Structures are given as structure tokens and as C-alpha cells.
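S.K.: What follows is each chain in one-letter form.
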Amino acid sequence: QVQVVESGGGVVQPGTSLRLSCASSGFTFSSYAMHWVRQAPGAGLEWVATISFDGSSVFYSDSLKGRFTISRDNSKNAVFLQMNSLRLEDTAVFYCAKGGSSSAGYFESWGRGTLVTVSS
Amino acid sequence: QSVVTQAPSTSGTPGQRLTISCSGNTSNIENNYMYWYQQLPGTAPKLLIYRNNQRPSGVPDRFSGSKSGASGSLAISGLRSEDEADYYCAAWDDSLRGWVFGGGTKLTVL
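First to last, the sequence lines map onto chains S and Y. One gets this note's numbering by counting positions in the first sequence from 1 and adding 2 to each. One gets this note's numbering by counting positions in the second sequence from 1 and adding 2 to each.
It should be emphasised that the hints constitute simulated quantities derived from the structure, not laboratory data. Keep in mind that the hints are not guaranteed to be accurate.
As the list claims (entries may be wrong) - Only pairs whose alpha carbons sit at most 16 Å apart, straight line, appear in this in silico EDC-like list of lysine to aspartate or glutamate: (1) Y:Lys48 to S:Glu110; (2) Y:Lys108 to Y:Asp85; (3) S:Lys78 to S:Asp56; (4) Y:Lys48 to S:Glu48; (5) Y:Lys108 to Y:Glu86; (6) Y:Lys48 to Y:Glu84.
Stated by the list, open to error - Okay, the calculated beta carbon distance ranges per label pair: (7) Y:Pro10 to S:Ser27: 31 to 39 Å; (8) S:Ser73 to Y:Thr110: 34 to 42 Å; (9) S:Asn86 to Y:Ser70: 37 to 45 Å; (10) S:Leu66 to Y:Thr21: 31 to 39 Å.
Values in this document were obtained by computation on a predicted structure and should not be read as measured data. Cβ coordinates follow ideal geometry from the N, Cα and C atoms, glycine included.
Excised from the complex, chain S in its bound form:
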């Protein structure tokens, strides 16, 4: 069955960087878009970034202002989120999701999430 498992979360100070990883299995990874979605404590879902099946197209939430970068390694069935210049308001659970198609497809299957806490 489809599995996506996030890792790399933790407690970091404002202004620092963190790289999240998402390991996938149970489907042909190289055929599907992948997404990152976050959820701040007590808040709703916020889309972060999407990468197409081959990495040729990437999309980001305007709210990130260029601080985050999504990438993928199809040879390792993994997608990554590089987060720079972290702010207190980036504190959230970050979910990785399998896309429903090859391009910007919807969020078909979700991981359990990894918690990022930005605190001084």
C-alpha cells in the first residue's frame, strides 16, 4: 500500500535552516507529483509546495517568500523540503503527500507528519 513517511523535524532557532525528507513506497514514485502541506498548532491546513513527477515544475505558496525549496530524488523515492531563514511562525506539523497525478495533482495520500518547532 502507499506509504509516505516524513522525517527531519525538530526544534530550531529563528534564522536557522532545516531539511525535511519524505520517504515513499508502494507506488511508482517517479510517476507522481509530491506535495508539502503544513499545519500550525490549532490552525488549518496550509499548502507549502508541489513538485511535478520529474522535478521540472515546482510551485510554492507566496507566503514563503522564497525561503523554502522543494526537490526530489526519483532514484531514492524521496522528496525534500529545504527550509531557510526559519521564523517563529513556521512552527507547524509538516505533511508530505502523494499527488493524484503527474503534474500538480491533488493530495491523495498523506504521511503522519513531522513537527518543526522554531523557538529561541
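Got chain S; can you put chain Y on it based on the hints?
M.R.: Same frame as chain S, but now just chain Y:
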């Protein structure tokens, strides 16, 4: 404030039929597919409805989706206590070139 809006909360009693609505605009819901996600307390979101009205395998037929113009709704019939959750709508936004979520509706089963 999200460009896609939902009522923050709703409630119903067991066995009741209930609808949760979502309102957007031409850039998102009207010209693109609409999706619904269920988030049970303390868990990750789960896809409930895709492409306006399609149910993934395993989702009970008590859940149904519909869309008309720039608005859509999720209907839950035969409400059960285990349906108590947060429900989010989502759509691609052509103007923002990104995905937008509604703010979520918290369903309480009385």
C-alpha cells in the same frame, strides 16, 4: 484570510444528514476540481472526495460531494459519532498558481 471560505463549525445528531459548504471564486473552485479532506482528532488529513464528487475506495457512500459555480458542498448522511472531525475543502487556484484550502469546518456530533 483564505480565498476559499468555510463556516468554522457545525453540529448534528446521529442519523442526521448534514452539509458542509465551501465558497471560492472563478480562479479556484469555479474553474477547477474541488476536493474534500477529513482530519480526525490527532491524525493526518485523509482524502474524502476528489474531482468534485468522486470517492476513493474505502470511503463510505454516506459521504458525497457536489459543486455548482464557485461553491461546493460535502454531504454526510446517516451521521455517526466517528464522523466528528475537521473537514477541509481545497482547489487549485489559477491566479495564485497554487493550492488553496478552506479554513476548515469542525463537525461536532451531539
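S.K.: Give a verdict on every hint.
M.R.: Quick rundown of the hints versus the structure:
Between Y:Lys48 and S:Glu110, the direct Cα distance comes to roughly 8 Å. Compliance with the 16 Å bound is thereby established for this hinted pair. With a C-alpha separation of about 10 Å, the suggested pair Y:Lys108 and Y:Asp85 falls inside the 16 Å cut-off, and the hint holds. At most 16 Å may separate the alpha-carbon atoms for a hinted pair to count; S:Lys78 and S:Asp56 meet this at roughly 13 Å. Using a Cα cut-off of 16 Å, the hinted pair Y:Lys48 and S:Glu48 holds, with the two alpha carbons roughly 15 Å apart.
With a C-alpha separation of about 8 Å, the suggested pairing of Y:Lys108 with Y:Glu86 holds against the 16 Å cut-off. Of the supplied pair hints, the one linking Y:Lys48 and Y:Glu84 holds, its CA atoms being roughly 14 Å apart against a limit of 16 Å. Restraint check, Y:Pro10 to S:Ser27: a C-beta distance of roughly 37 Å satisfies the suggested window 31 to 39 Å. The hint said 34 to 42 Å for the Cβ distance between S:Ser73 and Y:Thr110, and at roughly 41 Å that hint holds.
Take S:Asn86 and Y:Ser70: their Cβ atoms lie about 42 Å apart, and the range 37 to 45 Å holds. Taking the beta carbon of each, S:Leu66 and Y:Thr21 are about 34 Å apart, inside 31 to 39 Å as hinted.
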